[in-house]
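Q: If you read the sequences in order, they're chains L and S.
Numbers 1 to 291, taken from the working numbering, label the letters of the first sequence in order.
Numbers 292 to 560, taken from the working numbering, label the letters of the second sequence in order.
Calculated directly from the structure, the hints in this document are not laboratory data.
Quantities reported herein were computed from a predicted structural model and do not represent experimental measurements.
Ideal placement from N, C-alpha and C gives every residue a C-beta, glycine not left out.
Treat the hints loosely; a few may be bogus.
Computed from the model, here is a short list of chain L residues facing chain S with C-beta under 7 Å [what the hints assert, rightly or not]: (1) ASN39; (2) ALA185; (3) SER188.
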Amino acid sequence: MSSDPEKMMSKADKMTKLTLTRWSADWRGATELYEQAANGFRAANKYEKAKVALEKASQGQVMQSSPWDAAKHMESAAALAQKLSIWDEVADFYKKASELYVECGRAQPASDALGKAARALEDVKPEVAIQLYTDACEILEEDGRDQMAFDLYRACASVYIKLEKFADAATFFLRLGVAADKCDATNSQCKAYLSAIIVYLYGHDLKQAEKCYNDCSQIDAFLKSDQNRTASRLLTAYNEGDIEEIKKVACSSTVSNLDHVIIKLARKLPTGDVTAVQMNAGDDLDEDDLT
Amino acid sequence: MTVIDILTRVDTICKKYDKYDVDKQREANISGDDAFARLYGAFETQIETALEKAELVTKEKNRASAVAMNAEIRRTKARLAEEVPKLQRLAVKRVKGLTTEELAARNDLVLALPARIEAIPDGTAGGPKSTSAWAPSTTTSRPDIKFDSDGRFDDDYFQESNESSQFRQEFEMRRIKQASGDQGLDMISEGLDALKNMASDMNEELDRQVPLMDEIDSKVDRATSDLKNTNVRLKDTVNQLRSSRNFCIDIVLLCIVLGIAAYLYNVLK
C-alpha cells in the first residue's frame, strides 16, 4: 500500500516532465495522481510526503486554471506543515492559498486562510501572526465585509497585549471601532472603545486614556451607551486615586461583557496603583497652588 | 384653527377693546403723571397678591410647598417694608392738581401701609390656626437659635417635632424595608445588564449573518436551476433509451437469435 502512492508520485512526476517523447505535460492526469498519492500518504501517516504531494497537486490545479482547487490543496498542505511544525512553510502555504482565493474573487476564504495561519503562529512567531491578521482584515475591508473582521481585530489586539505592546493593542481596538462604525454595530463599537481605554489605563498611560475618552465622546453612539458611563466612572476613580471604586467598576457587568483578555486586564487594573495615587497627590498640589 | 391662532386673535381683540376697560383706564389716569400714585398702586397690587398667596397656603396640604410659599410671602413683605420710606417721601411732595386734604390723606395712607404689610399672614401668625389638628403643647423658647421673627416660630416648631418624630420612626422602618428591596433590585439590574449585553451581541451576530444568508440563497437558487436542467435532460435521455421502438427491435432480434439457435440445434441433432 505504501508503495502505491510512491509509484503514483513517480508516475505523475514523469507525466509533468517534458521530454523528447512528451511535448506537453499532462497536468490533469498528473494532478489526479498527486491527489491520490497524497491521500495514500496521509493514510500511512507519512505527512512529509503527503505535504509534498499536495503541493504538487496544487500546482497542477493552478496549471489547469482552477485556483479554487489549488487553494484547497494549499490549505491542506499548510495544515500538514502545521502538524509538522514547519512554521515558515505554514505561513507561506497559507499566504499562497489566500492569494489563490483572492484570484477566485472569494475574500472570505482568503482571510480565513490568513486567520488560520495567524492563529497557528500566534505563540511561535507573534510578529508574523500580527502581520497576517492585519492582511486578513484588509482583505475583508476591501471587500466591504467589515463585520467578519471584528474577530480578527480582537485576536490581533490580544496578541499585542500578550507582547505587552499596549499602545498598539489600543490602536487595534480603535480600528475595530472604525470598522464597527461602518456597519452600525454600535454595541461592538462601544465595547471596542471601552477596551481601548482599559488597555491604556493598564499601560499606566492615564493621559492617553483620557485623550482617548475625549475623542470617543465625540461619537454619539458611544456617548449614549453604558460603556461611556463605565469609562467615565473608571477615569474619575483613577483621577481621585480611589482604588475601591476602580475595583468595583472592574467587576461591573459592563466590563465583564468584554473580551476575556480585557477582563483579565481590568481585574488587575489598579496595578498602576502607585501611579494613580501619585497623580492624585500631584493634582492636589496643583489645585492648592492655583488657589 | 390652532391654539396659537386663537391666542393671537384674542390678543388683538383685547388690545382693540382696551380703551373700554374702565378699571385699566382709571389706573392709567391715576398714575398718569403722579409718581406717588403709581408707586402706591404697585404697592396695593403686591399686597393683594401676597394676601392671595397667604390664602393659598392655608389651603395647601403639602408642607414643603407651604413652607416655600410662606418664605416667599415673608420676602415680599420685607421688600415692601423697605420701599415704604420711599413712598413716604413721595407722599410729602407737592404735586400740581392736588388739594391739601388729599395730601394729608396720602400721608395717612402711607402710614397705614406698614401695618397692612405686617398683617399679611405668612405662616407665623397663622401658625396656631394651621396646627389646630395637633394638641398645642407648652413650649420653652430656644434662645440660642435666632430667627428674624424673634422666636415666634416656637409653637410651630415644637408641634412639628411631635409629628416629625412620628415621621422619623416611620422613616427608619421604611428604610430598613427598602434596604432589602434595594438588594433585590440590584440583583435584578445585574441580570438585566447581562441580558441586554447578550441580546445586543446576538443582534450583531444576526446582522453579520444576513449577507451570508443572502449569498447562500442565490447560490442555492443557481444550484437548483442547474439540477432541474440536468434532470430534464436525463429524463429525455432515459426516455429515449426506453422508447418502445427500441424495445420491440430488441425483442424481435432476440426472437430471431433464439430461432436461429433452435434451428441449428435441430439440424445438429
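Q: Measuring from the C-beta of ALA185 (chain L) to each C-beta in chain S, is the shortest one below 7 Å?
A: 5 Å, holds
Q: Quick one, is the ASN39 (chain L) hint okay against chain S at 7 Å, beta carbons?
A: 27 Å, violated
Q: Given a cut of 7 Å on the nearest C-beta pair, is the interface hint for SER188 (chain L) held or broken against chain S?
A: 6 Å, holds
In summary, the structure is inconsistent with hint 1 from the numbered list given earlier, while agreeing with all the others.
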